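Student: Read top to bottom, the protein sequences are chains P and L. FYI, the working numbering numbers position 240 of the first sequence as 301, with every residue one higher than the one before it. FYI, the working numbering numbers position 273 of the second sequence as 334, with every residue one higher than the one before it.
Treat the hints loosely; a few may be bogus.
With beta-carbon atoms standing in for the labels, derived distance ranges [what the hints assert, rightly or not]:
#1 L:ASN135 - P:ARG273: 52 to 62 Å
#2 L:ALA131 - P:ALA130: 22 to 32 Å
#3 L:THR311 - P:ALA130: 33 to 43 Å
#4 P:ASP204 - L:GLU128: 35 to 45 Å
#5 L:GLY124 - P:GLN79: 15 to 25 Å
#6 P:ASP204 - L:THR216: 55 to 65 Å
#7 L:ASP331 - P:ASP82: 18 to 28 Å
#8 L:GLY133 - P:ASP331: 51 to 61 Å
In silico PhoX-like cross-links for lysine-lysine, where the CA-CA straight-line distance does not exceed 20 Å [stated by the list, open to error]:
#9 L:LYS285 - P:LYS284
#10 P:LYS284 - L:LYS284
#11 P:LYS303 - L:LYS284
#12 L:LYS129 - L:LYS306
#13 P:LYS285 - L:LYS284
Just a few of them, taken from the derived set where beta-carbon distance is under 7 Å, the chain L residues facing chain P [as the list claims (entries may be wrong)]:
#14 LEU173
#15 LEU309
#16 THR311
#17 GLU316
#18 PRO324
#19 MET325
#20 ALA326
#21 TYR330
#22 ASP331
#23 VAL334
#24 ASN336
The set of hints was computed from the structure by calculation and includes no laboratory data. This one's a predicted model, so the numbers in the text were calculated from it and none came from an experiment. By construction, the Cβ of each residue, glycine as well, lies at the ideal position given by its N, Cα and C atoms.
Number of protein chains: 2
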Amino acid sequence: MNHISNYFKSLQEDICQQLSDADDCIPFIVDAWKRPEGGGGTSMVLNGKKIEKGGVMFSAVEGVLNEKAAKGLNIQAGDFFATGVSIVLHPTNPFSPIIHMNVRYFEMDNGLWWFGGGIDLTPHYIDPDDAIFFHTGLKKVCDLHDPSFYPTFKTWADDYFFLPHRKETRGVGGIFFDRLVAAKREDKEASFDFVKAVGESFCSLYIPILQRTFHHPFNDLNKKWQYIRRGRYVEFNLVWDKGTKFGLETNGRTESILVSMPPMASWEYDHQVENGSPEEFTLSHLKKGINWI
Amino acid sequence: MNHISNYFKSLQEDICQQLSDADDCIPFIVDAWKRPEGGGGTSMVLNGKKIEKGGVMFSAVEGVLNEKAAKGLNIQAGDFFATGVSIVLHPTNPFSPIIHMNVRYFEMDNGLWWFGGGIDLTPHYIDPDDAIFFHTGLKKVCDLHDPSFYPTFKTWADDYFFLPHRKETRGVGGIFFDRLVAAKREDKEASFDFVKAVGESFCSLYIPILQRTFHHPFNDLNKKWQYIRRGRYVEFNLVWDKGTKFGLETNGRTESILVSMPPMASWEYDHQVENGSPEEFTLSHLKKGINWI
């Protein structure tokens with residue numbers, strides 16, 4: 062543990078407190094775990110009312126990065142330290158969006174280090190107002206640190222959160238960045254400051270949307286559609302998400318990695334949406350390059 | 062189309078007829094499709110009573126095998142032809158098992174060819190009698206062709222239908238074989254004969270189990286467990302199954318590939334089973350190397 066992982070641990074606790082407060086004070090289940098090879102983490106899981114299943118995971122792990130894993134990261138093997146917070150929330154109401162956030166730090170014993178992270182929003186039904194609110198908030202966080210961040214990281218998110226086999230984005234995107242180093246400074250605090258700002262923006266970006274939508278009326282068709290969209294979320298995470306694949310293939314902690322899976326999902330052969338329906342509106346906006354602001 | 066793909070097409074129709082007869086004569090939905098690059102297929106999908114969602118897919122495709130795909134198969138690039146039948150049935154009753162079968166033929170314009178295939182059974186609740194019935198039937202089919210087939214292909218299935226990140230097999234296994242060529246003969250009819258026998262055994266291996274189990278009483282806990290086991294099925298297919306990954310990464314027909322996904326599945330953080338429960342019995346038998354006969 063160092064000051065970065067200590068910060069991430071407190072970020073986890075703070076976010077869980079705010080989410081619990083927002084969801085009828087239902088407490089998170091806390092599950093601390095150790096990694097046999099070094100380090101460990103704390104999984105915090107909410108089975109709430111507004112949030113049907115939510116995971117807010119902290120980890121700080123260390124050990125030897127073997128040749129295969131090093132090759133996957135395109136770096137030299139050696140001792141590593143990695144820490145971060147990962148969040149996926151699957152709301153109960155089909156009109157509330159799924160949200161994901163990750164902030165992370167990685168270092169090698171040879172002095173190499175970087176930060177990475179991202180936030181993206183996956184509505185079952187796209188509401189442009191929510192997308193505008195979300196992206197405007199992200200841009201504000203980014204602009205305070207570097208005016209190039211939002212456009213760069215927004216495009217990166219469009220490219221990253223994309224399902225080639227469906228030719229659709231996962232949702233309305235957000236920001237994504239990796240191997241972030243503060244090139245203009247000699248210390249890493251500038252990058253860390255940005256990552257902190259991203260992490261601390263999470264609740265103010267999501268909780269207002271949740272509170273606006275959790276009591277939205279819905280019918281069986283809306284619920285069915287939610288399950289189908291959750292199926293797409295599963296497809297992205299298991300087929301395309303680099304972090305999930307890397308974790309599962311390198312003997313990561315399966316339950317922590319797969320806490321991102323939805324509580325319930327469905328698949329139907331060749332599901333079709335009606336012309337002019339809200340479902341069709343959503344599908345037609347799962348595209349790269351939409352400027353929501 | 063050649064005599065092999067013609068055979069596979071008729072096998073598909075025959076199996077669908079038998080499954081429909083077994084499931085209150087509910088008809089399959091028939092969806093013929095063409096592949097822009099050459100060839101096509103017919104997807105037959107059942108939304109039945111005993112079978113909640115079943116796909117029996119035929120395809121015969123041809124075209125250029127690009128460098129990347131050829132490298133994945135460890136062969137030289139060139140023109141290819143591939144045909145086969147793939148089946149996944151997700152039954153309604155948690156006490157009925159999921160079944161999968163695939164029989165396939167592949168050839169290159171340089172004269173290289175092979176057959177492949179397999180059948181495996183994935184019970185939500187393992188019933189040793191069903192596993193014995195299933196494996197005994199498979200052994201009988203194999204032994205008529207080559208006494209080495211069953212032990213070899215049974216072990217291959219144990220290794221193939223395995224989830225490393227869960228340290229469990231997908232189910233009670235079956236047989237799996239790939240790149241099967243009739244080494245002792247100059248024609249390919251010996252291999253084809255075996256593949257035909259596998260394909261034609263499908264209904265007699267599965268329908269009796271379905272008819273024995275479809276009216277088994279079940280409660281909410283059984284249904285919940287079924288959804289969790291289906292989640293594992295999704296994990297195997299999307300993370301580990303070579304055919305699914307290859308298909309999704311090489312611009313295959315997504316709806317045909319993902320017809321294997323269950324109609325409904327669920328994930329729960331760190332689900333635990335009770336000591337001495339049928340769920341625990343099942344988990345304790347999801348191991349390689351069990352000799353069911």
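Student: Each of the hints needs a verdict: does it hold here or not?
Tutor: Cross-check of the supplied hints:
1. The hint said 52 to 62 Å for the Cβ distance between L:ASN135 and P:ARG273, and at roughly 54 Å that hint holds.
2. At about 27 Å, the beta-carbon gap between L:ALA131 and P:ALA130 stays in the expected band of 22 to 32 Å.
3. Range check, L:THR311 to P:ALA130: about 26 Å between beta-carbon atoms, so the 33 to 43 Å window is missed.
4. P:ASP204 and L:GLU128 have their C-beta atoms about 44 Å apart, which keeps the hinted 35 to 45 Å range intact.
5. Taking the beta carbon of each, L:GLY124 and P:GLN79 are about 54 Å apart, not inside 15 to 25 Å as hinted.
6. Separation of P:ASP204 from L:THR216 is about 59 Å and conforms to the stated range, judged on CB atoms against 55 to 65 Å.
7. Under the hint 18 to 28 Å, the C-beta atoms of L:ASP331 and P:ASP82, about 24 Å apart, fit the expected range.
8. The hinted window of 51 to 61 Å between L:GLY133 and P:ASP331 is violated, with their beta carbons roughly 27 Å apart.
9. For the hint pairing L:LYS285 with P:LYS284, the CA-to-CA distance comes to about 18 Å; that is within 20 Å, so the pair holds.
10. Of the pairs offered as hints, the one joining P:LYS284 and L:LYS284 holds, with about 19 Å between alpha carbons and a cut-off of 20 Å not exceeded.
11. As the CA atoms of P:LYS303 and L:LYS284 are separated by approximately 32 Å, the hinted pair breaks the 20 Å bound.
12. A distance of roughly 13 Å separates the Cα atoms of L:LYS129 and L:LYS306; the hinted pair therefore holds under the 20 Å criterion.
13. The hinted pair formed by P:LYS285 and L:LYS284 meets the criterion: a straight-line CA distance of about 18 Å does not exceed 20 Å.
14. For L:LEU173, the shortest C-beta to C-beta distance to chain P is roughly 28 Å, which exceeds 7 Å, and the interface hint is violated.
15. At a threshold of 7 Å, the smallest CB-CB gap from L:LEU309 to chain P is about 4 Å, leaving the interface hint in force.
16. The interface hint given for L:THR311 is violated, since its Cβ lies 10 Å from the closest Cβ of chain P, which is over the 7 Å cut-off.
17. Residue-level restraint check for L:GLU316 holds (minimum Cβ-Cβ distance to chain P is 5 Å; threshold 7 Å).
18. Interface restraint check: L:PRO324 against chain P, minimum CB-CB distance 6 Å, threshold 7 Å, status holds.
19. A least Cβ separation of about 5 Å between L:MET325 and chain P falls short of the 7 Å threshold, and the interface hint therefore holds.
20. Given the 7 Å rule on beta carbons, the hint for L:ALA326 holds: about 6 Å separates it from the nearest Cβ of chain P.
21. Contact between L:TYR330 and chain P, as hinted, is supported at the beta carbon level, the nearest pair being about 5 Å apart and thus within 7 Å.
22. For L:ASP331, the interface hint holds, since its Cβ comes within 7 Å of a Cβ in chain P; the closest pair sits about 5 Å apart.
23. Annotation: interface hint on L:VAL334 violated; nearest CB of chain P at approximately 14 Å, more than 7 Å.
24. Checking L:ASN336 against chain P: minimum C-beta separation of about 19 Å lies over 7 Å; hint violated.
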